[in-house]
Structures are given as structure tokens and as C-alpha cells.
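Engineer: Guided by the hints, dock chains R, D and W onto chain U, whose structure is given.
Chains as they are written, first to last, in the numbering used here: chain U, 1 to 156; chain R, 1 to 378; chain D, 1 to 376; chain W, 1 to 256.
Hints are computed from structural coordinates only; laboratory data are not their basis. The model shown is predicted, which means the values in this text are computed figures rather than measured ones. Beta carbons are placed, not taken as given, at the ideal position from N, Cα and C, and that holds for glycine. A few of these clues could be false.
[Said to hold, decoys possible] Cut-off 25 Å, straight-line C-alpha distance, at most; resulting in silico cross-link-like pairs (DSS-like, lysine-lysine):
1. Lys111/W - Lys202/W
2. Lys167/R - Lys48/W
3. Lys96/D - Lys68/D
4. Lys59/W - Lys68/D
5. Lys68/D - Lys21/R
6. Lys29/W - Lys59/W
7. Lys107/W - Lys119/W
8. Lys76/U - Lys225/R
[What the hints assert, rightly or not] Looking from chain R toward chain W, a few residues come up when the C-beta cut is under 8 Å (computed):
9. Arg48
10. Trp171
11. Gly233
[Stated by the list, open to error] Computed footprint of chain U on chain R, listed as stretches where at least three residues anywhere in the stretch have a Cβ under 8 Å from a Cβ of chain U:
12. 87-100
13. 215-227
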Amino acid sequence: MEAEEVGARLRERFPDVVVEPFPGTAGRIRFPAARLIELLTEVRDGLGFDHLGQVGAIDWVEERELFYTVWSDRAKQYLFLSTRIPAGEPHLESLTPVFPSANWHEREACELVGITFDHHPDLRPLLTPTGYQFHPLLRSFRLHEPEELEVKVRDV
Amino acid sequence: MWINMGPQHPMTHGLWNLRVKIDGELVLDVDPEMGYLHRGIEKISEDRHYNEIITLMDRTCYVAGMAWEHLFIQAAEHALHIQVPERAQWIRTMSEEFQRVASHLMWYAAFVQDIGLMSPFLYGMRDRDLVLDLFQSYTGGRLTYEYMRVGGVRNDLPPGFTDQARKVCDWLSDRFVEYDRLCLGSDIFHRRCDNLGVLKASECIRYGITGPMLRSAGVARDLRKDRPYAAYGQVDFEVAVADGADVTGRYLVRMEELRQSLRILRQTLDWLDRNAGPVMAENVPRWMGAPYAPVGREGYLLKREYPKGVGFSAIEEPHGEALAYVVNEGGEHPYRVKLKSPVFVNIAAARQYLVGYRVADIPPIMGSVDVCVGEVDR
Amino acid sequence: MAPLSLYGVSNSLVSTLLLHLAAVLPAPLSTLLSNGDLILLLSVLVFCGTLLGASLLNTILLIWFERKMLGRFMDRRGAMHVGYAGLLQNFADGLKLFRKHTFRPQDADPLGFFSAPTAYMVASIVMFGILPVSTGWSAGTLPLSLLLALVVFSFAPLFIFLGAWSSANKYSLIGGMRSAAQMIAYEVPILLAVVAVVLLSGSFDLTTIVNEQRNYWFWGPLFLALIVFVAGMLAEMERIPFDLPEAEAELVEGWNTEFGGMLFAFFMLADYARALVGSYLIVLLFLGGWTLPSWVPAPLTNFPLAGIFWFQVKTYLVFGVFIWIRASLPRVRTDQLLRVGWMRMIPLSLLSIVLAALVVLAKCLPVFGCLPSMGS
Amino acid sequence: MSESTTAESNSSVLWVAKPLITAARQFGKSLLRPSTIVYPFERLEDPKFRGAVRIAPGKPIGVGQVWDNYRGVHALNIETCISCNLCAFSCPDLCIDMVTVPGGDPKHPKKCPQIDYGKCSYCGFCSDACPEGCLSMTTRYELSVSKRSDMIYSPQRLEEVFKAKLPMSPIRVERPKNEDAILLDPPLCIGCNACARDCPTKCITMVDLPKPVAKAGEKLPKRIWKEPVVNDSDCVRCGTCISVCPKECLFWGTHR
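This is chain U alone, in the form it adopts within the complex:
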């Protein structure tokens, strides 16, 4: 499956998404964050990309990017989807109703990049200790300052 084909099949229902080629995969879809559930459902049921590989988040300082990798067993290909949300109060609909496996990926993105997922069943921190108030993968988080970190961890 090529990027053009993916684009052609999505264009009708989703005129606001952009499909661009991405070497080694079936393409990369940029979509507005509001259409997440709709688009992913269509990608899963309509295009057959039924296996969620990963959910990752990138901090671009002014905005945050979320990217989703899905795999289709029929096409034997990965498909990339990414969306950007403003960094002010970053929040997004949770993908768990569509892909239950997004659960831990979103927990990780929440604690590391500081994105809140609405309607997520269980948004506890996964990797960082309870009460840890930082989002380590933000660009503003500096390494090599261990003294500072120790003070700021709240007692639980």
C-alpha cells in the first residue's frame, strides 16, 4: 500500500488530513487532533491497520507532537500518523477505546511528555516514581542536575 492509495481512501471522509510518503512505511498521515478517534477507527476498520505499534510524543517546545504507528497484517506495512497539539494545556482524547494497547503508551506519554489523555481508564505514572513532578522528556528538563531533582520529589 502506498501513500497515494492511503490518501485516496481517506480523502472522502477526512478532507482535512494530509498524507505524505515516508520511506519504509505506507506513509505518514498528519491529522488534526480533534479527529483522532474517528480517523484511527477508520484506519483500523477501513484500511485494516489493526495492530497498534506505538504511541509516542515529542516536545517541539511550542507544541507537542503525538505519533502513532499502526501495522497491517494484510499490507505487511507500518503506517504513521501524527498530530500536533499546542503546548499550553496539552490534552488529547485517549485512544484506548479503539486500541486497548494504547493504555500504557499513553500513560508513558503522560508522565514523560506531560500530555493529558481525556477518558483514559488509568493515568497513573508508569515509569517515574509516584509524586514525581517532572516530565523528563520535555526540552526544558535539563540533565545533570541531580541535587535539584531530589529536593523536588514530594513525599508520598
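Structural biologist: Relative to the frame of chain U, chains R, D and W by itself:
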């Protein structure tokens, strides 16, 4: 009653905590707690030069270091637009397969320990040591190899390596028969492991599970076959599949994968014998030419326009499908490295395959998942 | 030649010593020393001390034997640096455990926590006084020594459960529960299997049972009972494949998770004492005790202490089989274990009783003319 | 010896017999000589012992000649060290410090690497980077010490390892062919000689420039009329010249 199986518990094979709610011996609910081994590898990678990240990748999964090196290096090369010479590709293929053998032997050792078999644990560890010896002979390390470089591999194979490697393959294929006799040949093993930890194919896909767990449910999915990378397109092998979706199925899949790995290894060794060539790409930018580049400190590197790019790679790691996503914003460090570990997903679905079984079943089931906490927590 | 007996030796030793002392010492002391009651008391003490010391040494030797055997099964060497071939390794380990701080978890009940290891130890060691290892080498000839042995042997789960309960740990509790369930489940088939032996030998006295086996050992006619007994003993001794109470994969260390230092050493030593006693029982009941078949040439059976020697050889062979099983079989699950215990072992042992009865019957029937000549 | 399963069927007796027989066979094999070695007394890296290692039962098991490339404790030859700093630059864990060693010019003391093994990850980047081959990794791997400060190996201690004549990794990583060279931005240069003075390989020579004649109204730059020329084949690309240059007129670049 909630009990904490972990963070220090013989079942965990690492450092994590499985909270289990039990009624007598029955498991009512589970809640895995991760993060005890979180070292912030993704964050440290943002501060490191591409080749320096390799030292981190070895430690991401301490039983499959070579596979993770391969994963990251592929993504980095994708992001930096570097072509790798063919011989390096074959050496990488060979290294990854040896790593798969070592990892699966480690899994075998840990798994039989989980069901209470004592001596095969040492057989597995003994035979894994042979593979580690091979790694040592060409990389210099036994567990942390630091062997792959952006654009190729550090050095070519030493003379006489392929003969030794073939001997190891022969020895191992004899041992696999013994392993099967000790496990499959035992009635108690079947009583313990048949119909245990069942996770059907549809559930596996719903929960994003990959690797031997998915293949044991009858889905013949293997990135080496479906999306060939390195030299996997040119070797002949079969995807190991079982249909039990249970612990025995996962055992069968892994043992079959071991045999198929030996098959791939023999082919790669033959190829490496026949073909010589460079193992490092010529067009690697100077600041990538690792050891000589005094980069990463202020005042040394003239800032200039590096090619920007996004790199993505997916490999069939011993535990399943691992993905890496590298964003190269033109500096000497990657802007963001995102690693997806298959075990991360497999543990996340723990509730689906643990609830309803007994306390005594937890170690075999988690053993068959093959947990490597290093790559879950990163 | 009158067989040597441990009590006889210690008695003559003590009386000789005291009489010699009495001859040297002045009057009031010498009359005190030549008192018959004192000689009796001292010789009993010497006898007990020797028996206890020898048994514990034997237990420690057994641990060494298991370590070495298991090592070879696993393609390694086992302990090898302390003493010749690691013979003294266990003493070194014991010393290390002895030096360790004895601690108690905060919530543990002190009475149960500290008394359980001691009681378990005592219950296991008393067995050595009951079981005869050769003619004249037991504490006494009790007419019901087999029953007494089994009663004492089955005390242990109580103390295990006591220790598990009082250490206030969830793993200990699960392990203790499992231990209790398992030992109760396997007590019944063991007793039924013993009934078959008793039927065949016509006695509850272990010495008599062994003497009955002079001509043929009981494992032939009572093969089923032997299997039931060995399986039961595996469960009682908590060894793989039946070591569920301390299944380290899921229960860390089972019922002795919280015990450290000397308390753990007590449990460990008592465990192996029980293993030794279990092997003793198998040898006594099924493998002819210290007797050897009549075709064995006389020089092999006539040397001093031959009875003890062959008894120990048999014991170590039996224990070797246990080690072999441990090295090659996985652990079963609790429910499977209990199901096997209640639903398979009990019918099997009942069947073996029937078989034993048939054998006894056959001995009385003239049709099987060969059997009466074989029996005593 | 198939206690729990005898009741099931005859075939399951044999089923349990299989692992028992396999284990017994292994027992027989290892009865004479287990595959393990007696570690402190027999050592795999010991040249005398290497030949005894085989891939066969009844022998110390192992691949044999694998120790040549081992990455253990470093050996440092202070004699040949040129103090180029490349090991410290290439270290991803920042565990190498350049410390002064006795000997050498008092004005420009000789500096050699000091390695903190508490941080070292044995990646081998430093020995790969060493242009003179004086920092190399050996087969020594026993590092236990009772004090944390003992983990720091001074150059002298590293030289003791060198003098122990342990087998050293023979692998020399080839330098990339299109390596950048040191280039000069001539208008910025003041001819101060700092680069030539500090160059560890002495591959920079200062050549005289013809002093231009000042035209009317033009002021000549205030400088020494010399210019560095880098001998490219001797240069190890350590970047010392760039770091000492007061005017930042040297930089990495590709020859046209």
C-alpha cells in the same frame, strides 16, 4: 489479599512489581508496576552523539544488546540518509541471530527455573556462554558489545571465526534435542503448561502483542519475513508458529525459532566466507566517524547544516517487534529517540492472560512472556 | 560372635572408665562413681550423644552428597574448596549462619517464631533415636516403633505451619497452608502403604520387619506400595517435584521466607534430617534394612559394622534417586498434587494392601510351594 | 520413578522416564569432567589454558581463542602517549580525565588519561580513538576494590597494567577516508604560534608570510606575519589547535 510479587522476587527476572490479588491460590486481579529500572535512556540519548547512544542501546535490553543496537542504528541511518555496505548488513544479520539464540537460551534457562526444573537452567546458561564467547571473539564484549556503528560495524570478523561459529551451531542443535526431552518429554511439563496463560490471536492483536506470544496463537507474523531488513530478504527460513496460544505454544515457538536461527546463521556464515568487502560506509559524515570526532563539547564543532530527517526502524527482536523512531533536527545529537519495546506491550496486557489462573501459574506464564525489564523501563 | 551394639559399647566404655577412676580416687568419690545408677545414666548420655552426633554428621554428609550429586547433574562441580572435595563446606556454611544476627520481623509473634524452628528440629532428630540402623544400634526395641516413627514424622507440618503463621508474611502463610494441605494429603497414602508392609511382615517393630526381609525384600511383592511410599516421602520431604511449600519461583522461599541465620539453619538441617529419615524408612520397610541377599559372598557381610555400612549405602542410593528426580523433573501444581494424592495414591495404596494380603494368603496355600520356603 | 503419573497410563511412565534418562546421561558425561572451570585456579584468558577449552562434553566448555579482543582494563604506554585528548573526547561516560604526569616540559606538562572505572562502560571508544595505539584494552577484568577512590586508575597504574604484558586487543579501527581536515581562515589568523606550540604531533609548522606593503590610507593588521600549515598525513584530528586558537580561525572542513 494483595501480594506484591516483586520488585525483588524470583518470578520477575528483573526489577518490577506484579501486584496480585489472590483468593486462596486463585488469581483475581493483577497490576504490574514498572519503573524500577527506568534510566531515562531516551532522555540521555538527546544529549549524546549518535555513536555514543550505542553504549546505551546495549544496556536497554541486557540480554539482547545486539538487537537493540541494530534497531537504533537502522533508525539513525534512516534519519541520516546513510547507506550501509552489504558485508556489514550480513554481519549485522549474523549478530542479531546470534543474539536471538543467546536471548532464547537465556529465556529457556529462566523459564525452566520458573516451572521448577533445576538442571536445564544450567544447561541453558552453559550453552548461552558459547554464543557469548563468539560475541567476545569479534566484538570484545560478552554482554555489552558496542559493535555497530552508524554506517557499518566496528571491525570485520577475525580469521577462523566462521569455523568456530559453525561448531557452536552444531553443538547447539544437538543440545536442543536434549532441551526438548527435558521439557516436552516430561508429563509434568505438559500438565503444568498446557492451556495455561491462553491469549487468543484476536486478543493478541487487540492488545498489540507481538513476537513469540503472537506466533504461538497461530499468527505467522515475523518482521524478518514480512518486512525484511538487513540481509534477511536473502536468507531462507520459516516462521515458527504454534497454535496453542498457551505456555507450551510459546515454548514450541521459541524452540523452533532457535532451530531456524541456526539455519539462518549457517547461511550467513557461508555468505561471509564467500564474500569480502568493506564493513564501514564511505560516505559517513566526518562528525559521524565515531572515535575520531571530538564532538559534543562546546567550541570544537563548527556549526553547519546537517541533513535533517526522521528515521524509523522496526526489527524482530528476540522478544517481539521493537520500533525505534529517531528525529534528527540537524545537530550532532538526535532531537528525540523513541523506543518501543515489545515486552512493554506484552506486560501491559498481563491482566488478560493471568487472571483466573493460580498463583503457581504466574511464574510459568510470565516466564513464557520472557520479560526483560531493561527494555520496558528504558 | 555377639553383634556390636552402640549401647553395649558405651556402657562398657563408661563402666570401665568409672571403675578405673574409682580405683584411683579416694573413698567417698569412689563409692559414688561405682554406683550402678550413675553408670547407667552416664552410659545413656554417652549413647545419646554419640547417636545424635553421628546422625547429625550423617545429615551434613547427606547435604554434601546432594550438593555434589546435583552439581554433576547440572554439569558443574558443587562445593569443592573447603576440605577435601568440599566436605567441610557445610560446616563453613553453618558457621556463617551461626554468626548471623537472629532477627524477627516486626509483626511476627515471638513465641511461635522462635519456637517453631526448634520444635521442628527436635521432631526431626527424635526420629534418629527411633529408627534402628542395624541390629542393636537403636535406642531400644519397641514393639510399635514403626507407629511411633510415623507419628513423630507427621508432627512436622504442625511446626511448619506454626512458623509460617507466626512470621506474619503472606508468602510464608501461603507456603504454610500448602505444606499443611500437602502433608495431610500424603500422610494417608503413606500410612496405607505401611499397612501393606505390616501385613506382610506381621509386626510393627522395625527390627522385626527388617528381619522378615532376610530372604526377600519387600519391594518385590509390594512394588505398588513402594511407589506410593516414595511419592509420599517426596511430598513429606518437600522435594522437587513436590516442593510446593517452598516453591521458590512463586513463593520466594515458602514458609521459611522470614527465617534467617541460625533459625534458617535449624530448618535447613531439620529438612535434611527428615530427608535422611525418609530414606531410612524406605530402606527399612522395602529394601531389607541392613540385610543383604544370601547370595552375597560372606566377606562382604561379615566385617565389623557391616550392617551399618550396607544400611548407609542403601540409604544414600535411595537419596541419590531423590536427587536424580530433583535434577530432572519440574514442579507440579498444588491442585494437581492434591488431586494425585487423594485420588490416585489412596486407591493405589489400598490396592497394595490387597496385594499384600494376597501374598500373605499365598504363603499359607500349599499351591505356591515356593513362597513359604522364601518367607521366614 | 514416576510417582504421580503411574496411575494415568503406561505411556506416561515413559514420558517421565525421558527427562530422567536425559539428566542421567548428562550426569554420566560430567562425572569425569564437568564443563565448568575452577575459576581462580584455571583462567580462560590464561594463554596456557586456552588450548584446553573445547566445544565438547568432558572438556571445559567454551569457544577457545576468544580473548584477543577482550575489552577489559586499559593499558597505557606513557612513553608513546602524545597527550592528544582524543580518548577523553571520545568517552561517552566522561570518565577519562587528562592529568599531568611527571616528566616533560615544565611549561607544557605532559598529560595522560586517568580513568575512573566506577563510571567506565568498557565501550572501547577511547582505545579506538587513540591515534598512537598507546591506550589499549587488555584481558584484565578483576576490579574489586574496597574503596571507591581505588576505582580511579592514574596513568601510572594504567602503565603498570601495560607492563604486565597482558594480551591486548589488536583491532585497530580504520579511520574514515573522508575525514575532515583542519582548515584555516587566513584573514583571522594573527600568527601567534599557539596551535603549532600545542600540537601533540607537531604537524603544524608556521611558515613566513610576505609582509604586504601598506597602501596609502590602509592600516596593516597588527599581527605576526606567519601562518600555520598543517601536515595532513601526520594530523590525528585531535582538535587541540582549534581549542587553543585565540581568534577561532581554525575550523573543521573538507579540502576542496
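Engineer: So, for every hint listed, does it hold in this structure?
Structural biologist: Hint check results:
no.	hint	result
1	Lys111/W - Lys202/W	holds, 16 Å
2	Lys167/R - Lys48/W	holds, 22 Å
3	Lys96/D - Lys68/D	holds, 20 Å
4	Lys59/W - Lys68/D	holds, 18 Å
5	Lys68/D - Lys21/R	violated, 40 Å
6	Lys29/W - Lys59/W	holds, 10 Å
7	Lys107/W - Lys119/W	violated, 31 Å
8	Lys76/U - Lys225/R	holds, 10 Å
9	Arg48	holds, 6 Å
10	Trp171	holds, 5 Å
11	Gly233	violated, 28 Å
12	87-100	violated (count 0)
13	215-227	holds (count 4)
In the structure shown, a violation is registered for the earlier hints numbered 5, 7, 11, 12, in ascending order.
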